[in-house]
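Engineer: Protein chains in written order, with my numbering: chain A, 4 to 338; chain B, 6 to 332; chain C, 9 to 515; chain D, 642 to 948.
Rather than coming from a laboratory, the hints here were simulated on the basis of the structure. Here the structure is a predicted model, which is why all the values come from computation and not from measurement. The reader is advised that the hints may include incorrect statements.
For lysine-lysine, the following DSS-like pairs were computed, each having C-alpha atoms within a straight-line distance of at most 30 Å [as the list claims (entries may be wrong)]:
| hint | chain 1 | residue 1 | chain 2 | residue 2 |
| --- | --- | --- | --- | --- |
| 1 | C | 159 | C | 187 |
| 2 | C | 212 | C | 247 |
| 3 | D | 760 | D | 945 |
| 4 | C | 200 | C | 187 |
| 5 | D | 793 | B | 146 |
| 6 | C | 30 | A | 334 |
| 7 | B | 119 | C | 351 |
| 8 | C | 436 | C | 247 |
| 9 | C | 200 | C | 351 |
| 10 | C | 436 | C | 30 |
| 11 | C | 351 | C | 316 |
| 12 | A | 334 | B | 119 |
| 13 | D | 853 | D | 760 |
| 14 | C | 30 | B | 119 |
| 15 | D | 945 | B | 146 |
| 16 | A | 200 | C | 351 |
| 17 | C | 351 | C | 30 |
So the chains spell out like this:
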Amino acid sequence: MTDGSTPPRFIPDRLRTRKTRILHSWEILLLAVAIAIFVINSLASPYFLNAWNLSDATFNFTEKAMIAFAMALLIISGEIDLSVAAIIALASTAMGFAAQYGAGTPELVAIGLVVGLLCGVFNAIFVTILGLPSIVVTIGTMSLFRGISYIVLGDEAFRGYPASFAWFGQGYLFWVFTVELALFAVIAVIYGVLLHKTNFGRAIYAIGNNPTAALFSGIRVQRVKFILFLLTGLMSGVAAICLTSRLGSTRPSIAQGMELEVVTMVVLGGVSILGGSGSIPGVVIAAFVMGLVTFGLGLLNVPGIVMSIFIGLLLIGVIALPRLWTMAAAKRGRT
Amino acid sequence: MLSRLIPVRETILGAAILALLLLIASRFSGFVAPANLLNVFNDTAPLIILALGQMVVILTRCIDLSVAANLALTGMAVAMLNVAMPGLPIPVIIAVAIGLGAVMGAINGLLVWKLMIPPIVVTLGTMAVFRGIIFLISDGKWVNAHEMSDAFTGFPRAVILGLPVLSWVALLTVAIFGIMMSRTALGRSIFAVGGNPDAAVYTGIDVGRVKFLAFVLSGALAGLTGYLWVARYAVAYVDIAGGFELEVVAACVIGGISIAGGIGSVGGAVLGALFLGVIKNALPVINISPFWQLAISGSAILIAVAFNARSGKTKGRIILKSAEASE
Amino acid sequence: MTEPLTPVVSMDAITKIFPGVKALDAVHLKLYAGQVTALVGENGAGKSTTVKVLTGIYRPDEGTVRIDGTPVTFTDPNAASDNGITAIHQETVLFDELSVAENIFIGHAPRTRFGLIDRHAMYEAAARLLRSIGANFDPRTRLRHLGIANKHLVAIARALSVDARVVIMDEPTAALSHKEIEELYELIENLKSQGKAILFISHKFDEIFRIADRYTVFRDGAFIDEGLIDDIDRDGLVKLMVGRAVDHIFPTREMTATEDVLQVVGYAHPTEFADIGFTLKRGEILGFYGLVGAGRSEFMQSLFGITKPSKGVCKIKGKIRVIRSPADAISNGIVYVPEDRGKQGAVIGLPIFQNITLPSLGRTSRSGFLRMVEEFALAREYAERLDLRAASLDQDVGQLSGGNQQKVVIAKWLATQPQVIILDEPTKGIDIGSKAAVHEFMAELAAQGLSVIMVSSEIPEVIGMSDRVIIMRDGRIVAEVAGDEMQPDVLVRHAAGIGEMSQLEDA
Amino acid sequence: QDDVRIALVVKALGIGFFEAAAKGAEEAAEELGNVEIIYTGPTDTTAEGQIEVINALIAQNVDAIAISANDTDALVPALKKAMNRGITVISWDSGVAAEGRQLHLNPSSNALIGNMIIKLAADHLPDGGDVAVLSATTTSTNQNIWIEEMTKVMGEYPGINVVTTVYGDDLADKSYREATGLMQSYPDLDAIIAPTSVGIVAAAQAVVDAGKVGEVNVTGLGLPSEMAGAIESGASQSFAIWNPIDLGYSATMLAYQLAANDVVAEPGADIPMGRMGTLTLDENTEGAMADPFVYDASNIEEFKSIF
Ligand SMILES: Nc1ncnc2c1ncn2[C@@H]1O[C@H](COP(=O)(O)OP(=O)(O)OP(=O)(O)O)[C@@H](O)[C@H]1O
Ligand SMILES: Nc1ncnc2c1ncn2[C@@H]1O[C@H](COP(=O)(O)OP(=O)(O)OP(=O)(O)O)[C@@H](O)[C@H]1O
Ligand SMILES: [Mg+2]
Ligand SMILES: [Mg+2]
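Using the sequences and the hints given, assemble the complete structure.
Structural biologist: Given below as structure tokens:
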């Protein structure tokens, strides 16, 4: 339709510069919240600003965050996995079982990862091949996976992991930097790159925004979702290794209720629960926010249940306040 | 139009429950004794009541994860009220429980309606908040049987015509919801909103308001169950009914209520709850280690959802005349 | 017919603005008791928006709606029906899980003394209504068991279930068969004699001249003209609608190439289509015509790998190819511009450039990693070729007007450099200017050697653009016409499956 | 001189038993003078919850942690870390593995408790009979050891037949359901032994609801305040418990000795614990506080208002 006589209309690539885009982002809002909490914490407790204490505090979120990164991708693609904590239980049980038969640390790690992966595949089959809603499937597998742990373990516990296995959950790389924190950082970078810098990541966003159009655009939607469930299972396996190593024992009730904390972290990180938007830096900051809140309140000996009020209010508040703000602004503009 | 006269899904689920009962009876005949079946029903009553509330919410394409926390908070509140004012008559207690539950449901509903926050996020948040509030108002302390008045703990277990009041409440709720869903404008709007929200707007239904009402209903039932629960087990503490919300959702799913909204029935929800109730009550009786319970109910959910999806798959419209004829 | 003094309903200078689109620009419309007013205009002229303003679904930004001369404001759809306005909407706005009777009466069902829905009365009333419009199915049936035509009848019954003074029909005949259309005409005559004011929206001119008393023309959201049907002829109405003579719309082109690009043999699907076979030549535009629901879209989607055919062979440049997914189709050079732009075409929520590069990411990336610079370059190239109107390339496609969204979708496919492009209703819902542009562009593509399959329900478009036309009915190919045989009456006759010339000719 | 800060970490907040222990701890603190008690714990009985609490306590650099553990093993790494940072760690009530604490204070000896719970049942069944055990959470240490000890001495109670052990998970509703299930599966059941304060109350309620008062005797370990009703109704003839006030008192005393008076906890050591006498540590550095105490209709009125 260009007839050559008139030059084509020019369309700029971007309207806003990179700087203004970043300044207006959710991540900045969240970062401000994180900094505020940090400041409040250091004012509220004399024990807060201490390298060792801060290092200990990271355990409050590292394992959850590892899963949260994979979960973020899954939620952006429009699915959810509520069975992650149960996968931890099952993977940990499998590791404990192997440890009874003298498996060494490398074998245990392999077993943890493989069991996580297999659980992910199991979920993926129900969701992508049978086409069932993931929230329902994973509520089912959540009972199933943990149930298998209960069948295997009953009221027993597996202990007696090899000494070298403790490195993952209790080791330090140098000074106060724990192995888990390093793993957290590495995984954050991997998932950040995967989501934001690759074709695969683009496909995730496309699927989350409009799965039908993504399919019509030649994206192998089911395959992408399959991989995402698999990754979430794998990350649950990694978390299982860390948690088991940190606890030094396995009981079927391990990581009970963690799935909701993981989902909370993802949503707090600005990932839309309806799919289609969100970022890894957001989840990273959300992990710190949750870790700081729980640790700061812990220093004041506030019971965990009261902390959850803060988390709950934070979850609703960070979504509700901007909306209330725009609604109020619109109202003022009209009158 | 045979398919219209016999609700297929409910029939199959009912048959599954019967088969389950027969299986249990083959190992332990006492389980199917009428008295015991009534016991099982009574034990499942709270789940049935909550499943009906959850059904309404799920039908409108929402989900309420805060029911168990709502139940626990209301239960604690009325228990403390009873301790403070032992003379308060039970109808007042029940009214307070329903009212308090409805208020919590309304908070969920308002956040969903007015601020358009996704229901799963809202109820995930309020679930944590409600539980926390229980701790704050009770200081973490238990309210024990001997502190409650006899009337308070006696109400759900009082027997009328051979059935405890708890069972009667469940039956009454089923009846009311049966009528509401099929015979009132609200009931039909709930189906309409979940089935086709865009079209609902065209027909003059306020979609947000219907969702709000669904949450209020679910909350009110959670409140009612809160009182019944606390009175029946004669104890109130922070963690009662922990994780029960997932069991309630599971009952709905097993009962064929589509998580995508718009499809489901009162009968389905009740049967779904009964299915779980039978399994839960049967395991200790037939000497299956209780450690198996979790895995069994998980498998039941998976099988039910896979099955519902298969049978519910709407046959696409058929263009080919020959294919239509052979159908 | 004597001219009544005041219209029952009138719209004065109504304006309705959507983000980026002025759907209605100070339009006027008057409806008179006992008369049928036809509202005509091209796709996107604002007809359905008018309906939604009149039924309280949209609130106008400016202007007044009057009933019997008194200004009214409708806050919600109930307010409009309380004022006696009822409508059959263009989209079927019904509920699959409810029964037919409930669909008809939702919101205003008869009640018993206790305030419950009186099901007996409701079924009775529904049965009566259905009988009156010649529908013979049980009102207790679940709606999802009905076919599209019957669903439309339910929608009509729903509109008639309120005691209305004004009945609006937005393309009521689009999905109906010949017999049902005849019954609808009778119904309209009946309503007229009851003194109801009727607004009738249709693209079919024979209908308009058969049943309308008056006409109102909109073009691109603006009011153009109104008058009595008796005072105007077909050509005059078209000229008002389009703003120029129709013949000039389609580009003239010549087809020379003979090389076979795509060969389809014996494609079949258990329930949707059977025995589909044809050959597509290089640089050819092949039209697919049929009534709505003829199965054209289904077949095209199976050719594109969305649904799996049960049998059949697809040969590309003589080699047999198995297409199991859209990704396979794209790598074989077949692309599909879907009919449902919002659901299947554009990924609303992603920026324009990401939409355009979505199927071509393999070319703009290196070993799986994105390269933004190349993405922008590719997106810019095609956006400019299609003369896209947008503020920037990183704007969300959802903010674009329908026509521009369609351009993004087409750009997305052209960027993959395909050999065969399937366009399903390519001009549906896009404005008149873009429509001509799309036609011109199609011709240009064909001239460059691209093979085009065009699915369209618009007869002028099919005839104007195609080198050959294949006509489908009930999932099968019933005819193939080319050259001088491509006449409106021939197409309609084959599509509707009627032997003799019908009154339905023309469009 | 700064206060000695002793953290009393319990399985879960809000449980009457631990509230009473906290009272005892405060009593000890008052007696000692320069002690600050931090009463804390998770809100649900999980090891992870306790680990987070322990981390917070380490961060506050408390002087001593006295913990009733939700898991024998899972807490060990966290408590080891605490000891590495110079914090005194003891366990009481429900123990941690030896490498995770300096000493463990048993409320009573396991053998005595194991014997006590079966004796309580047997005392009311002179002709023998069927009894069932309703245990607590499937993951808690105590109940399993006691049941084990009970099994060892079964020979001394001829005619008493333990038909099964079920788990109520320390949840009121689950325990109730399990107890009801027991009465259905074993219509001739004579007694239910519930060595857990949640389970015993639920079982008593279930017996009352089933109309089996007088047929099925509920016994085990429970709190007088919670069991008063059951004694009154006759659902329970008698039950036992150690005195949690004494337990909290002793734990605080012991922690203080280790943290402030440089007493070393080693096998064979005798450590004073105020009014409760001294604790003698065995080869596992464990010691027993006192015998369990039996409550029945004769003394329940006196105790039910205390804890
Ligand atoms: N909800 C909406 N948001 C944004 N734009 C809209 C919306 N609804 C309609 N439009 C735009 O308003 C214009 C008029 O649309 P309308 O549906 O009224 O056209 P129409 O005359 O009914 O066309 P057709 O013959 O295709 O039915 C179109 O450009 C359309 O894209
Ligand atoms: N039974 C039905 N129920 C609901 N919608 C239907 C039904 N049949 C057809 N439709 C809708 O009618 C429209 C036209 O149908 P469809 O696209 O299948 O027809 P086609 O002949 O394949 O193609 P085209 O519409 O392009 O001519 C579609 O939007 C489709 O969803
Ligand atoms: Mg229209
Ligand atoms: Mg089509």
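Engineer: The structure should be examined with respect to each hint, and the outcome stated for every one.
Structural biologist: Now for the hints, and whether the structure bears them out:
Pair hint residue 159 of chain C plus residue 187 of chain C holds up; C-alpha atoms about 15 Å apart against a cutoff of 30 Å. A C-alpha spacing of about 15 Å is found between residue 212 of chain C and residue 247 of chain C, which places the hinted pair at or below 30 Å, so the restraint holds. With a CA separation close to 23 Å, the supplied pair residue 760 of chain D and residue 945 of chain D stays within the 30 Å bound. A C-alpha spacing of about 20 Å is found between residue 200 of chain C and residue 187 of chain C, which places the hinted pair at or below 30 Å, so the restraint holds.
For the given pair, residue 793 of chain D sits about 36 Å from residue 146 of chain B by alpha-carbon distance, which is inconsistent with the 30 Å threshold. With a C-alpha separation of about 23 Å, the suggested pairing of residue 30 of chain C with residue 334 of chain A holds against the 30 Å cut-off. Taken as a hint, the residue 119 of chain B and residue 351 of chain C pair is honoured in the structure, with Cα atoms around 27 Å apart against an allowance of 30 Å. With a C-alpha separation of about 20 Å, the suggested pair residue 436 of chain C and residue 247 of chain C falls inside the 30 Å cut-off, and the hint holds.
In summary, the hint linking residue 200 of chain C to residue 351 of chain C is not supported, as the alpha carbons are separated by about 39 Å, beyond the 30 Å threshold. For the hint linking residue 436 of chain C to residue 30 of chain C, the alpha-carbon distance of about 18 Å falls within 30 Å, and the restraint holds. For the suggested pair residue 351 of chain C and residue 316 of chain C, the alpha carbons sit about 20 Å apart, so the restraint of at most 30 Å is met. Between residue 334 of chain A and residue 119 of chain B, the direct Cα distance comes to roughly 14 Å. Compliance with the 30 Å bound is thereby established for this hinted pair.
Among the hinted pairs, residue 853 of chain D with residue 760 of chain D is consistent with the structure: their alpha-carbon atoms are about 21 Å apart, no more than 30 Å. Our distance criterion of 30 Å between C-alpha atoms is met by residue 30 of chain C and residue 119 of chain B, whose separation comes to about 28 Å. A threshold of 30 Å between alpha carbons decides the hint, and for residue 945 of chain D with residue 146 of chain B the separation of about 16 Å falls inside it, so the pair holds. Note on residue 200 of chain A and residue 351 of chain C: the hinted pairing holds, with a Cα-Cα distance of about 26 Å set against a maximum of 30 Å.
Distance check on the hinted pair: residue 351 of chain C and residue 30 of chain C sit about 23 Å apart at the alpha-carbon level, within 30 Å; holds.
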